Amino acid sequence: MMGMDEKRGSAFPEGGVLETPKKTLFQENWSLFRKNRLAMAGLVIFVAFFIIALTGLFLTYGRNPYFNPALVRLQEKLRPPLSKPNLETLKPEEVPRLGIYLFGTDDLGRDVFSRMLQGSWVSLTVGFVAVSIAVVIGIFLGGIAGYYGHWRVLGLFSVDVLITGLIDIMLCFPSFFLILTVVALLPASIYNIMIVIGLTSWMGAARFVRAEFLSLRELDFVTAAKALGVSDWRIIFRHMVPNAMAPVLVSATIGIATAILTEAGLSFLGFGVPPPDATWGNILSNGKNFLFDAPWLTFIPGFAVLIVVLAFNLFGEGLRDVLNPKLKERH
Amino acid sequence: MLLSVENLKVFFHSDGAVSRAVDGVSYEIRKGETVCLVGESGCGKTVSVLAILGLIPQPPGEIPGGKIFFKGKNLLDLDEEELQKIRGKEISMIFQEPMTSLNPVFTIGDQIEEAITTHDTVEGAEAHRRTIELLADVGIASPEERMKDYPHNLSGGQRQRVMIAMALACKPDLVIADEPTTALDVTIQDQILHLFRELKEKRHMALLYITHNLGVVAEIADRIHVMYAGIFAEVGTVDQIFRNPCHPYTMGLLASLPSRARKGEGLYSIPGAVPDPAFKPQGCPFNPRCPYVQESCRRDFPEMCDFGDHHAARCPVIHKQRKAR
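Residue numbers (my numbering), protein chains in the order written: chain A, 1 to 331; chain B, 1001 to 1325.
Because the hints were derived from the structure by calculation, they are not lab data. Just so it is clear, the structure is predicted and the values come from calculations on it, not from any experiment. Among the hints, erroneous ones may be present.
As the list claims (entries may be wrong) - Quick list of the computed label-pair ranges, beta carbon to beta carbon:
{"no.": "1", "chain 1": "A", "residue 1": "P275", "chain 2": "B", "residue 2": "E1080", "range": "55 to 61 Å"}
{"no.": "2", "chain 1": "A", "residue 1": "L185", "chain 2": "B", "residue 2": "G1156", "range": "58 to 64 Å"}
{"no.": "3", "chain 1": "B", "residue 1": "V1122", "chain 2": "A", "residue 2": "F303", "range": "56 to 62 Å"}
{"no.": "4", "chain 1": "A", "residue 1": "L214", "chain 2": "B", "residue 2": "D1110", "range": "50 to 56 Å"}
Said to hold, decoys possible - Covered stretches of chain A (chain B as the covering partner; in silico rule of three or more C-beta atoms under 8 Å from a C-beta of chain B):
{"no.": "5", "stretch": "208–218"}
{"no.": "6", "stretch": "239–246"}
Said to hold, decoys possible - To give an idea of the interface, some chain B residues facing chain A are shown, with a C-beta separation under 7 Å as derived from the structure:
{"no.": "7", "residue": "V1018"}
{"no.": "8", "residue": "E1097"}
{"no.": "9", "residue": "S1101"}
{"no.": "10", "residue": "N1103"}
{"no.": "11", "residue": "T1107"}
Each residue gets a CB set at the ideal place from its N, CA and C atoms; glycine is no exception.
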């Protein structure tokens, strides 16, 4: 190289002159995202929800939790939000930690605030675990369909036709009723619900990944990686998947909202998490019996679901706008 | 002999029609030699080298005939696993578009390191050191900082240098360069060509260079193969091809180069267009555009005619004329 510099003169030092302003992809996207107020609100609620759910887990977990969601005080039942406890009838350890019933009490006198805290963790984990399962399945099947599309199985159908066929079949099922059936057959447990929701919601991710792969596999860097002797699996999962993640990320965010809704729906119908553990769905379900006497029992979990689902949707849509290069020019 | 291609054919099937993209080409590359394939877009240059690395998608592609011997082994007989060991390690390839040939989501350092670790089991620190060395070799200033850059931080010329570094990562014996300077502007083109020449001397590697730019060919080639519609029209050294073209197509290509001697005049262009590879004319594929065309050209597929000293052209008409002189 030195020889070349001497011969050709170092007046053109490649790389020295053509300095581009350093701004990572993340910084670029972030500055775009920040301009979208609704999406920012979604993100803030998303983060707040995450923190609340995590602290909720620690504060309501164990034999003697800080906020006890299972503590029954029959004499204090159906107290409205912000009401003060009757200290004369309560044992000292039964007095709510905040000094008031922030969200009121339910028909067994349990503190709704504690129960909402506990439920938030359930909603969060259901959302994330179910969507993680869905995304992993979706990337795997979508990737194979997109990359090995033209391969034939048994000489009849191509891999692509088989997998897209499977996607279409899965989409034909009214998935909520499918989930309902499966959950009714399985022992009631939060983990079964996560898995079942995950197994019935991977089709969107698979479709996105397949579509991205169809265009990615024609790009030169894939051929270049092949020409370097990189194996197919490595090309798919290390080179192509990161390039196909943008739409998956968006659908995953919105998928979390759907999963939370589904879990709440299942719990509302009594197929969800078994009592005494609280989820937003079963608080709501319980509260509907007292809709006129104690409307807060339905409104509080209802609003919580509404706000969280809305936040995830707004965040997801904001993300989509930022990650979509065609929409970028508008901002 | 490092690489010897014998009567290679690559066909593509689409909608019942067969495109004879490469229709029987033979050539040889010795150690340390630079061989150029020259031709218009769509004449089968790229397809013929993709076949060497086993990168022709099958289907729709098909290799109905030919042999590709590399160090004595027929590459067409190897399975995917054996090919993977050769790709990048013994034969590597540089692509035309530096803008899309790098993965946009990884730093260039990561990508070069991967090129190294795919074939050589080396430790992270060693791979890192070799990456810096390679980047310095291809003329990238302050390689240690540059390797943390993403492709979009680099200019086209720099990216092509990175591609070259990746191709050289495992010290291959043969580098295939598929129009590596076509997407670059002229000053950068010149720099990259010099880089190729220098690296070739330093590393004693053979270079198979594909281009449609005759100026580039003159600068870099030892031997030239002029390709037209899937066959070789003419084969020879730079001197032979440029000073004594013996195929009407080569003559046309040379005549259409801009030159100072004909300042102010319009550029010459070969009349007509490249034939559709699925519907090639009978006889010589160049006959509809050829100014020397005779009845026999429309009937018989032309033989390769020897013009002496390893200079050959697929044109019996010119051959007869020259002999008569």
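Taking the hints in turn, this is what the structure says about them:
1. P275(A) and E1080(B) have their C-beta atoms about 57 Å apart, which keeps the hinted 55 to 61 Å range intact.
2. For the hinted restraint 58 to 64 Å between L185(A) and G1156(B), the CB-CB distance of approximately 60 Å keeps it satisfied.
3. The hinted window of 56 to 62 Å between V1122(B) and F303(A) holds, with their beta carbons roughly 58 Å apart.
4. Here the CB-CB span from L214(A) to D1110(B) is close to 25 Å, at odds with the stated 50 to 56 Å.
5. Only residues whose C-beta sits within less than 8 Å of a C-beta in chain B count toward coverage, and the stretch 208–218 of chain A has 0 of them, not enough to reach three; the restraint is violated.
6. Here the stretch 239–246 of chain A counts 3 residues with a CB under 8 Å from a CB of chain B, which clears the bar of 3, and the coverage holds.
7. Annotation: V1018(B) was flagged as interfacial toward chain A, and the flag is violated, the nearest CB pair being 18 Å apart, outside 7 Å.
8. Among the interface hints, the one on E1097(B) holds; its C-beta lies about 5 Å from the nearest C-beta in chain A, closer than the 7 Å criterion.
9. Proximity of S1101(B) to chain A holds as hinted, the smallest CB-CB distance being about 4 Å (cut-off 7 Å).
10. Using the Cβ-Cβ criterion of 7 Å, the hint placing N1103(B) at the interface with chain A is satisfied: the shortest such distance is roughly 5 Å.
11. Annotation: interface hint on T1107(B) violated; nearest CB of chain A at approximately 10 Å, more than 7 Å.
Hint check: violations occur at hints 4, 5, 7, 11; the rest are consistent with the structure.
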